[in-house]
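Asker: Which chain is which? The protein sequence lines are W and C, in order. The first sequence begins at 1 in our numbering and counts up by one. The second sequence begins at 191 in our numbering and counts up by one.
Treat the hints with caution; some may be incorrect.
To be verified - With a straight-line cut-off of 30 Å between C-alpha atoms, the simulated DSSO-like cross-links for lysine-lysine are:
no., chain 1, residue 1, chain 2, residue 2
1, W, 142, C, 339
2, C, 250, C, 650
3, C, 250, C, 595
4, C, 291, C, 341
5, C, 339, C, 595
6, W, 103, C, 250
7, C, 650, W, 142
8, C, 291, C, 425
Said to hold, decoys possible - Some chain C residues well away from chain W (every beta-carbon gap over 12 Å; in silico):
no., residue
9, 236
10, 306
11, 340
12, 551
13, 578
14, 659
Note that these hints are calculated values from the structure, not bench results. Ideal placement from N, C-alpha and C gives every residue a C-beta, glycine not left out.
Each chain, written out:
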Amino acid sequence: MRGLDRRQVLARFALTTAALLGRKAWPAEFENPLLRVVPGNLELREPTLTGRLLTDERAQLLLLFGHIGTRWEMSSTGVGEAQFSDLVDSKTGVQPSYLTEYKEGAALIAEATANLISLDALLAPRTDVLDMASTRLGRFQKYVSTEFIAWFVIRGGFRRFGYLDYRGYGGGPFTDHAHLPYRALGENRT
Amino acid sequence: MKSRRVIIVGSGVAGALVSERLLAKDGSVSILMLEAGPHIVMRNRRMWQDMVTAGADPYKAHQDSDSDAGDIVQTVTMQGARLFGRGGTTAHWYGYSFRFKPEDFHLRANTGREIDWPFGYETLEPYYHQAELAMGVAGDSVADDPPRKGKPYPFAAPPFVAADGPVVAAFEARGISYGHLPIARSGNCVTTGTCVYCPVGGKYSADLTLDELESGRGFELRVNAPVLRVLLNNKRSIAGVEYMDMATRTRHRELADEVVICAGAFETPKLLLASAEANWTEGLGNATGHVGRHPKVHDILFANGVLPRNPQRLRHELDIPTLCTRHWDTPKEQRDGKFFFISTNLKDYPAPLSQMMAGGTSAAELDAMGEGPLSFSFFGHRECFSFDGDFVKLASGTNRFGLPKMEVRYTTSEATRTAAAECLTRMRDVFRTMGAGDIRSEIIEPIGTYHFAGTTRMSKRAADGVVDENLTVHEIENLHLCSNAVFPTVSAVNPTLTLAALALRLGDHLAS
């Protein structure tokens, strides 16, 4: 614990406890760093700054993307790093760029996991927090995790829930009636 | 041979198809197309990703609002209806491609309402087929109401989805006729379901035609170029147009042998009114006072019903509607306003899966909900008629596209509401037959101006309208109009295929 004062130790303990218990248990006298308010408006930060994520940053985000598949039991649907890269490369390489939001998101994931906060805790909605949207976690959920969930579902995760096709996927043409990408009337395909 | 120069005002589906046909049939023609709005970026993967992951609107910069448009009466709204830019409103349309029926061309003769079209269905029928080919419409070629004369659609209709089953059963139990919804989805469609911004060009939009035109000879398109007025040689002949280059804020004049205004049912009458001069003091073609009058738009009706259980786990797999009924789109219904509706927007979960997940719903909870309530929606249009005293007029000031603002008045009467309420009852009755609960229905107000029409209507006589049967302005030999504005009546169904057919017919006429 060298380098940490007593206040920081207590804060870390509380953070860990809250995450493990899966509920808010942060002592009121300590600031939850994940819920710190980010100055400025809610718009995308530095949208003109394009570029590539560092390897570690990319790994943190891929960890989250994979966890989304695990958490909602979509891991066997074939969605993985290729789909992740498709989205992340596009959103960091083209304006409006998510590069800054993704870097912050990767840092938040690293910080949370270092403090034994589960990824589930980062994904959980926090209706108990006032002005959640302006916090670090709120921004993370808006620009990173919620969009990752949407992309995971669209690119194939929907199959886990019994769909053959889904809005945004593109299962194939409807013109070949022998191989429709969806269940037609009177058909009981599974 | 002297080159014939034609100016087309507006780059939507009408302008694109007039241009395509004219260039194909007359090698001496050169076309300058002037579009008020900017370039619209289509089929951009990043914009598509932002739409599906973050709900971003790819067309935000191209829409106008009520305040942007001018002084709009509260019964209608401009919000979300029009798109300004290359390709126009078909960029975000859904592609429903219905033909009008034969009786729609004879409303006056059949009911005493409005005026008749100067020609009948038979005249437009060949062009309907050509429009279906041009736009890649998928439909049921066997269905023969309205008559198809044995001409098949270019693509077979998507088969009904499994989830249409309960609705089909209710239609059959009630003796309601139904059919496939004809839709402009070509062989490129891969059922992405994000049709409002198709990532692959599987939905027809006018920019596809413009792409071909711009890669060929004799065609030039200028964007950010709102036309301010039409210039005349004399009372019966126009010389060209004056437009604004929005980039430099400078005015320019372009001369032409023919001008075709394809600018929709708001901008077309406005441009005629803005072009008033000594020979036409009330606006071009407005000697008999019909420019900007007779506006009509469909009532938009919505109903929703919920089946309590979904044991078959029916899923919203195809985000393209397939089922519709034109059961009330018949001569019998003409007097009070024809009506049709589609079955759309099935909800197997209260919200899309990703929203449910982000909101904290677990996989197990989603599984449990998977056999839960199944929500169906019907979306319909009812034919409406114009009221004396309603209008589109010029107002002071300009909008951000450099076009004059406008004043719009549109009346909805008690009789209209009563007729619309009857249509809602019809939709609710289907839900009752399905065994649905939580049945809700409403007339969407203010009315969206998606199908606004009639403001420079077609007529045999100059005394009754603005353009003749060839879409030439009465008494001005080389000025033509092609938009929903020329429709004398609007039927109950979406107007775009009829507009496309008129555009191809006008292209033939100009070439001849």
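Asker: Would you list, in rising numerical order, the hints stated earlier that this structure does not obey?
Answerer: Per hint list: 1, 2, 5, 7, 8, 9, 12 violated.
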